[in-house]
Amino acid sequence: MGELPDGLPEGAELASIGGFNLFVGPLYRLPDSHEGAVKRFAFVAAEKHMNAAGSVHGGMLMTFMDVAMSRTSRLISGAPACSTVSLTCDFVGPGRLGELIEARVRVTRQTRTMVFMSGELAAGQRTLMVGTGLWKIAEPA
Amino acid sequence: MSAVPAGFVETKLVDPFEIYVGPIFDSGALGSRRFAFLADERHVNMRGIVHGGMLMTFADLTLGQAVWDMTNNAPSVTLNMQTQFLRAAKAGDLVEVLPQIVRRTRALIFARGDFTVRGEIVFTAASVWKLLGQN
Numbered sequence: 001m002g003e004l005p006d007g008l009p010e011g012a013e014l015a016s017i018g019g020f021n022l023f024v025g026p027l028y029r030l031p032d033s034h035e036g037a038v039k040r041f042a043f044v045a046a047e048k049h050m051n052a053a054g055s056v057h058g059g060m061l062m063t064f065m066d067v068a069m070s071r072t073s074r075l076i077s078g079a080p081a082c083s084t085v086s087l088t089c090d091f092v093g094p095g096r097l098g099e100l101i102e103a104r105v106r107v108t109r110q111t112r113t114m115v116f117m118s119g120e121l122a123a124g125q126r127t128l129m130v131g132t133g134l135w136k137i138a139e140p141a
Numbered sequence: 001m002s003a004v005p006a007g008f009v010e011t012k013l014v015d016p017f018e019i020y021v022g023p024i025f026d027s028g029a030l031g032s033r034r035f036a037f038l039a040d041e042r043h044v045n046m047r048g049i050v051h052g053g054m055l056m057t058f059a060d061l062t063l064g065q066a067v068w069d070m071t072n073n074a075p076s077v078t079l080n081m082q083t084q085f086l087r088a089a090k091a092g093d094l095v096e097v098l099p100q101i102v103r104r105t106r107a108l109i110f111a112r113g114d115f116t117v118r119g120e121i122v123f124t125a126a127s128v129w130k131l132l133g134q135n
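Those sequence lines, one after another, are chains B and E.
Start counting the first sequence at 1; every next residue gets the next number (my numbering).
Start counting the second sequence at 1; every next residue gets the next number (my numbering).
By construction, these hints were calculated from the structure, which means they are not laboratory data.
In this text, a Cβ means the ideal position worked out from N, Cα and C, and glycines have one as well.
Some hints here could point you the wrong way.
As the list claims (entries may be wrong) - Covered, in the sense of this in silico footprint (three residues per stretch, anywhere, with C-beta under 8 Å from a C-beta of chain E), are these stretches of chain B:
no., segment
1, 21-31
2, 57-64
3, 85-94
Based on the provided sequences and hints, a complete structural model is requested.
The following block contains the structure:
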């Protein structure tokens with residue numbers, strides 16, 4: 001595994017292993033905050049992530065939110081697999097080339113089979129997206 | 001790269017991210033175009049299922065194309081997208097959608113789509129678009 005790109009905070013580790021995650025990545029996991037209540041992830045916006053208007057493509061931001069919530073649902077349930085049931089995203093502001101974009105996900109409620117989450121994407125102090133997601137624990141641990 | 005599905009032509013894309021995850025195909029007249037992509041190994045997760053991110057990207061792209069078609073390519077941005085994942089799609093599946101414009105106001109366009117594989121809905125998306133410069 002190569003060096004982490006400049007600008008990634010201390011403790012970042014590669015979260016993309018294979019598949020679409022890696023194809024659109026690399027995506028990283030950052031250390032939790034708020035005593036573990038907030039799961040954090042990051043990627044650096046590259047040329048391939050952009051739209052023609054010079055912003056990070058909405059599809060990439062939603063993909064990143066999906067990955068962040070999927071990983072969070074697995075982390076907190078301990079289940080090997082969880083599936084997105086629904087995800088709603090508000091596009092609050094544009095992401096720019098070269099920015100470190102961070103995802104912060106909180107679990108609202110976990111049941112035996114479901115996980116309710118809310119999350120935001122930010123570049124520095126600017127919020128780019130807020131979202132709420134519902135995940136099904138495919139194989140309860 | 002991948003073959004063009006029968007009855008479709010390759011959609012001209014300009015966004016680098018769309019070109020990266022594409023190609024995308026369409027058929028029909030402007031204003032009522034049907035869109036499709038052929039899921040391949042790039043689009044799936046470690047379980048072999050088409051990644052939600054790819055479906056949402058395809059939704060943003062195709063609903064956006066429909067918005068473009070009806071506004072003669074007026075500049076617009078996605079404000080919001082709501083999605084539901086009903087079934088898994090797999091590599092080799094042709095994912096299709098006929099976007100619907102539900103309502104247009106001066107400044108907003110409400111769009112939605114049912115995304116199907118072999119005629120079964122796998123995913124639905126609804127999005128709100130803002131026409132830039134319109135109050």
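Checked hints:
1. 21-31: Per the Cβ count (3), the hint holds.
2. 57-64: Satisfied; 7 residues make the cut.
3. 85-94: holds (count 7)
In summary, this structure violates none of the numbered hints.
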